[in-house]
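A.B. asks: So you can see what is in the structure, the chains are spelled out below.
There are 2 protein chains.
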Amino acid sequence: MRGLELQATWDNEGKHFIFHSPTLTASKWWNGSLGRTATHSIVVAQLILPDESGKVLKNHGPHPFIIRVRDEKTHQPLAGIVVGDIGPKYGYSSMDNGYMLFNRFHVPHSAFLSRYFQVDRTSGMYTSTAQNPAVVYGSLTNIRVNIVLHARLVLARAVTVAVRYLTIRRQFRDRDDPGGSGPERAVLDYPTVQIRVLPLLATTFALHYTGRVVGQRYKDIRENIEKGDLSELAELHATSSGLKSLCTTLAADGIETCRRALGGHGFGGGSGLIQLNADYLSKPTVEGDNAMITQQTAAYIVKKMQAIAEAVDDKALTSSNAIDRSFKEHLTATKAGLSEQDTFSILADDGAIVHAFERRAAHLSLQAYQARIVKKKPWTNLLIQLHALSNAHSQAILVRNFHVALCASSPPANDVIPSAAKSVLSICFRLFALHTINTHARDFSASMAVSSAVLDSLPDHVLELMDQLQPHAVALVDAWSIPDYLLDSALGRSDGRVYEDLFNRAHRLNPLNKETFNPYYWDKNIYMDKSKL
Amino acid sequence: MRGLELQATWDNEGKHFIFHSPTLTASKWWNGSLGRTATHSIVVAQLILPDESGKVLKNHGPHPFIIRVRDEKTHQPLAGIVVGDIGPKYGYSSMDNGYMLFNRFHVPHSAFLSRYFQVDRTSGMYTSTAQNPAVVYGSLTNIRVNIVLHARLVLARAVTVAVRYLTIRRQFRDRDDPGGSGPERAVLDYPTVQIRVLPLLATTFALHYTGRVVGQRYKDIRENIEKGDLSELAELHATSSGLKSLCTTLAADGIETCRRALGGHGFGGGSGLIQLNADYLSKPTVEGDNAMITQQTAAYIVKKMQAIAEAVDDKALTSSNAIDRSFKEHLTATKAGLSEQDTFSILADDGAIVHAFERRAAHLSLQAYQARIVKKKPWTNLLIQLHALSNAHSQAILVRNFHVALCASSPPANDVIPSAAKSVLSICFRLFALHTINTHARDFSASMAVSSAVLDSLPDHVLELMDQLQPHAVALVDAWSIPDYLLDSALGRSDGRVYEDLFNRAHRLNPLNKETFNPYYWDKNIYMDKSKL
Numbered sequence: 384m385r386g387l388e389l390q391a392t393w394d395n396e397g398k399h400f401i402f403h404s405p406t407l408t409a410s411k412w413w414n415g416s417l418g419r420t421a422t423h424s425i426v427v428a429q430l431i432l433p434d435e436s437g438k439v440l441k442n443h444g445p446h447p448f449i450i451r452v453r454d455e456k457t458h459q460p461l462a463g464i465v466v467g468d469i470g471p472k473y474g475y476s477s478m479d480n481g482y483m484l485f486n487r488f489h490v491p492h493s494a495f496l497s498r499y500f501q502v503d504r505t506s507g508m509y510t511s512t513a514q515n516p517a518v519v520y521g522s523l524t525n526i527r528v529n530i531v532l533h534a535r536l537v538l539a540r541a542v543t544v545a546v547r548y549l550t551i552r553r554q555f556r557d558r559d560d561p562g563g564s565g566p567e568r569a570v571l572d573y574p575t576v577q578i579r580v581l582p583l584l585a586t587t588f589a590l591h592y593t594g595r596v597v598g599q600r601y602k603d604i605r606e607n608i609e610k611g612d613l614s615e616l617a618e619l620h621a622t623s624s625g626l627k628s629l630c631t632t633l634a635a636d637g638i639e640t641c642r643r644a645l646g647g648h649g650f651g652g653g654s655g656l657i658q659l660n661a662d663y664l665s666k667p668t669v670e671g672d673n674a675m676i677t678q679q680t681a682a683y684i685v686k687k688m689q690a691i692a693e694a695v696d697d698k699a700l701t702s703s704n705a706i707d708r709s710f711k712e713h714l715t716a717t718k719a720g721l722s723e724q725d726t727f728s729i730l731a732d733d734g735a736i737v738h739a740f741e742r743r744a745a746h747l748s749l750q751a752y753q754a755r756i757v758k759k760k761p762w763t764n765l766l767i768q769l770h771a772l773s774n775a776h777s778q779a780i781l782v783r784n785f786h787v788a789l790c791a792s793s794p795p796a797n798d799v800i801p802s803a804a805k806s807v808l809s810i811c812f813r814l815f816a817l818h819t820i821n822t823h824a825r826d827f828s829a830s831m832a833v834s835s836a837v838l839d840s841l842p843d844h845v846l847e848l849m850d851q852l853q854p855h856a857v858a859l860v861d862a863w864s865i866p867d868y869l870l871d872s873a874l875g876r877s878d879g880r881v882y883e884d885l886f887n888r889a890h891r892l893n894p895l896n897k898e899t900f901n902p903y904y905w906d907k908n909i910y911m912d913k914s915k916l
Numbered sequence: 384m385r386g387l388e389l390q391a392t393w394d395n396e397g398k399h400f401i402f403h404s405p406t407l408t409a410s411k412w413w414n415g416s417l418g419r420t421a422t423h424s425i426v427v428a429q430l431i432l433p434d435e436s437g438k439v440l441k442n443h444g445p446h447p448f449i450i451r452v453r454d455e456k457t458h459q460p461l462a463g464i465v466v467g468d469i470g471p472k473y474g475y476s477s478m479d480n481g482y483m484l485f486n487r488f489h490v491p492h493s494a495f496l497s498r499y500f501q502v503d504r505t506s507g508m509y510t511s512t513a514q515n516p517a518v519v520y521g522s523l524t525n526i527r528v529n530i531v532l533h534a535r536l537v538l539a540r541a542v543t544v545a546v547r548y549l550t551i552r553r554q555f556r557d558r559d560d561p562g563g564s565g566p567e568r569a570v571l572d573y574p575t576v577q578i579r580v581l582p583l584l585a586t587t588f589a590l591h592y593t594g595r596v597v598g599q600r601y602k603d604i605r606e607n608i609e610k611g612d613l614s615e616l617a618e619l620h621a622t623s624s625g626l627k628s629l630c631t632t633l634a635a636d637g638i639e640t641c642r643r644a645l646g647g648h649g650f651g652g653g654s655g656l657i658q659l660n661a662d663y664l665s666k667p668t669v670e671g672d673n674a675m676i677t678q679q680t681a682a683y684i685v686k687k688m689q690a691i692a693e694a695v696d697d698k699a700l701t702s703s704n705a706i707d708r709s710f711k712e713h714l715t716a717t718k719a720g721l722s723e724q725d726t727f728s729i730l731a732d733d734g735a736i737v738h739a740f741e742r743r744a745a746h747l748s749l750q751a752y753q754a755r756i757v758k759k760k761p762w763t764n765l766l767i768q769l770h771a772l773s774n775a776h777s778q779a780i781l782v783r784n785f786h787v788a789l790c791a792s793s794p795p796a797n798d799v800i801p802s803a804a805k806s807v808l809s810i811c812f813r814l815f816a817l818h819t820i821n822t823h824a825r826d827f828s829a830s831m832a833v834s835s836a837v838l839d840s841l842p843d844h845v846l847e848l849m850d851q852l853q854p855h856a857v858a859l860v861d862a863w864s865i866p867d868y869l870l871d872s873a874l875g876r877s878d879g880r881v882y883e884d885l886f887n888r889a890h891r892l893n894p895l896n897k898e899t900f901n902p903y904y905w906d907k908n909i910y911m912d913k914s915k916l
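Just so you know, the sequences run in chain order A and B.
My numbering puts the first residue of the first sequence at 384, with every later residue one more than the last.
My numbering puts the first residue of the second sequence at 384, with every later residue one more than the last.
Think of the hints as simulated: they come from the structure by calculation, not from any bench.
Computed from a prediction, not measured in an experiment: that's the story for all the values here.
Heads up, a few of these hints could be off.
The list cannot tell twin chains apart, which means a pair is met if one copy fits it or any two copies do.
[As the list claims (entries may be wrong)] No more than 25 angstroms apart at the CA atoms, straight line, and that leaves these computed lysine-lysine pairs for DSS-like: (1) 472 x 666; (2) 456 x 758; (3) 456 x 915; (4) 760 x 907; (5) 686 x 759.
With the hints as constraints, model all of the structure from the sequences given.
C.D. replies: Listed below in structure tokens is the structure:
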């Protein structure tokens, strides 16, 4: 953003700003609704003002303006503005994303958005009334929190289609009973199918409880943010950045994993997952690229670890903050020396699972602190490690909130789980957690969070959990209550009439089949002459 | 396939077959060109013939026929056949995939494809002249071999776009030099971008050398296959199944990884990767679903290991077959007891890298043999383990063939690497191999192929290799010589004129921008009345 090239230069004689794009790369791009529809747009430009002498121009950095782009009556772009639709995209076709360039375009003084910063109309002098310029992170945090809640619903749509269809569809006889007379097996019986779909089913609930908790937390501290008190926002901003990255990656990859698990019909239009995938694939990139925004989480965590590790008195060490406590515990334990005997009994106790995730996150935090602060390694060289740290931290949050929801009779977000559902959701909790540990086994081993023997046994435990979960899978996706109308999927129909719907879409609804094309390519007619039929 | 429901019943009085689809699930679906174009189709149906008494019908299993589907003059489906286009799909829009159902449709005797199997016209009796019914695997193997070669080119397209654009595009200043006056950094400077793109660049070459080797191998043994000698085909079939699964997964995931690495413009139509992705996403499913066909590889390997482990004399143990030798070595070493001291020095010696992959594959083969043959565990319960075994075996093949190509002055497929290119391709080899080891570190540790200390150091070695490779990245993608016309990508242009092309596509080529839409939604006109402009 600091590298943006569009200039807004104050002309103190004309009493207006002059908007100018000095190069092609100064173009605005992707602006929603700007392509065909918008008459006005909020535009961020480098604010360039004369200094006190009035002779030398000084850049005050990016600031927002509201700009009239098109004439309201003719809908034509104003002279000095080049604007249009950027054309085809992967998905999201309903949005006319636009581009915009300025050629010495005059913008009135009143267009400057001056709540926190002002430009004096008489002198062109700059003042600021912002108590804390970081206040803009408030709305960014809110957007990222909502993306987490959105991710769980999108993933639930894909999982609903997959679980329903793979329960209906049968394929192959049991290899150990090749001449068997029974029907072929339901595809969701196969572990190679279960391992792709059932952990994602568990993931929808993991995302749900954390989405609710951080959403509520944002509402709770919203008033303080308005007052400029960002003390609580900092952690929520760091947390929501990491969660946005992890959860949108889980959802985007999860949709495609579900689609491939459907087999051939997953590639067909009847799956209902093609448009979902195409539309959702913007999410890992927008509102902070998933590979980049994890730096915000990691930077916060490294600072936290530094405060704990370098505390000269016990003040930081008596903090009630959960991260502080976890870090302090880990530092104490590391100094005493951790061995295999200190690993957590994750198979015996769900609480121990939460501790294992937190120890692993603390371990990676300590490593990052040592690399960055103690050994002073260049930040850029640590980026892969910092990205992994953010993901580990976010996974710990997902696991903790899921566990709290299962334990509490009144969880933070008032999302009480009926006792009848608790046992099934506990299987989801363990499947999500153990599958994640299995995927990152070396982290959990290196941090002495889980013993090697337990790690070796995890694949079998995951298999067993999937066996326990499978009979409930259809009921669990039904619990998301996604209407057939929204799913728009032959494979995911709630009544299971998959093949009837596929045939109906192809044979009755597909307009291509209403025409007979002319096989004689040398004729000028595309359609067959009906009199010849 | 054995569960297919379409019936072809011989009517000995009418001297024809009666084709009938008893249910909706007996429909054919996906048949290429059948939707609108084809007049004839090869159709597989259950062959149902009268027994010797002529009274009882017997099912001889699936057999192929060639069926006239549409009238050649009117292009109308024949009476008794329901046929049409299945409608929208994820990609591959140029293909009119079709569906087909039969209603007691008469098919002449001559339609039965009788090279290996015959039905007597007089009696309706069944005979077979096939020396080996498995001969059909020959063409399946050929298809899978070609898919490996195709995968490398598709992946090379995506990597070409990513490497070129990410070298042009600059974003963010160095965090350790925030006030720096230099330009923002090239995006390909960031390790979090490198780690996604550069191992895939190395992967294109890994796939290339193995694709060439197995393609040549198939040609070499083609004559024997025709003679019914399938002894050499069995291993190639097992190998090509595993490679098809691994390589198409690498390519399909790789395209999307490259696309996301492009940032916002990756979601735009100018990336050139959207249609590529949509079209290629059929490949992990067709010609054997990637999650299922690895069973064919695993079954072959388990049988091999069984032969070696249970050999009563030394005959099997003196085999010249590479897998046999590797398995024998591993069994001997395991009996003597493997420890950390026996691990390979993969950082010092490229040959040791190949040995490490082969020991890990042998280790997983031995585990699978013990689970399946010794402990007699149900096949279905082992599917996840067997899928991982197939991937490990395929990775060992990729690594070995890459290494052979680098060492040999005349590699098997006559694909001699010029000595000037060897040092750069050696970096690709090590990057592909070490990145793969790092991703599956626990396997390599558990099999005593690589020591824990070396595994801990791999992330740093991968970073170093990427630093070495980056200056050559543009030259390496240029070496694939994919024409700009085929790439059809503003971001991937060989002349680097990314932003000019993006602007040209949006502003000059996009026909949407030639029209001014009417902002007065209550008017009946969609377009603005030109007289008002």
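A.B. asks: So which of those numbered hints doesn't the model satisfy?
C.D. replies: 2, 4
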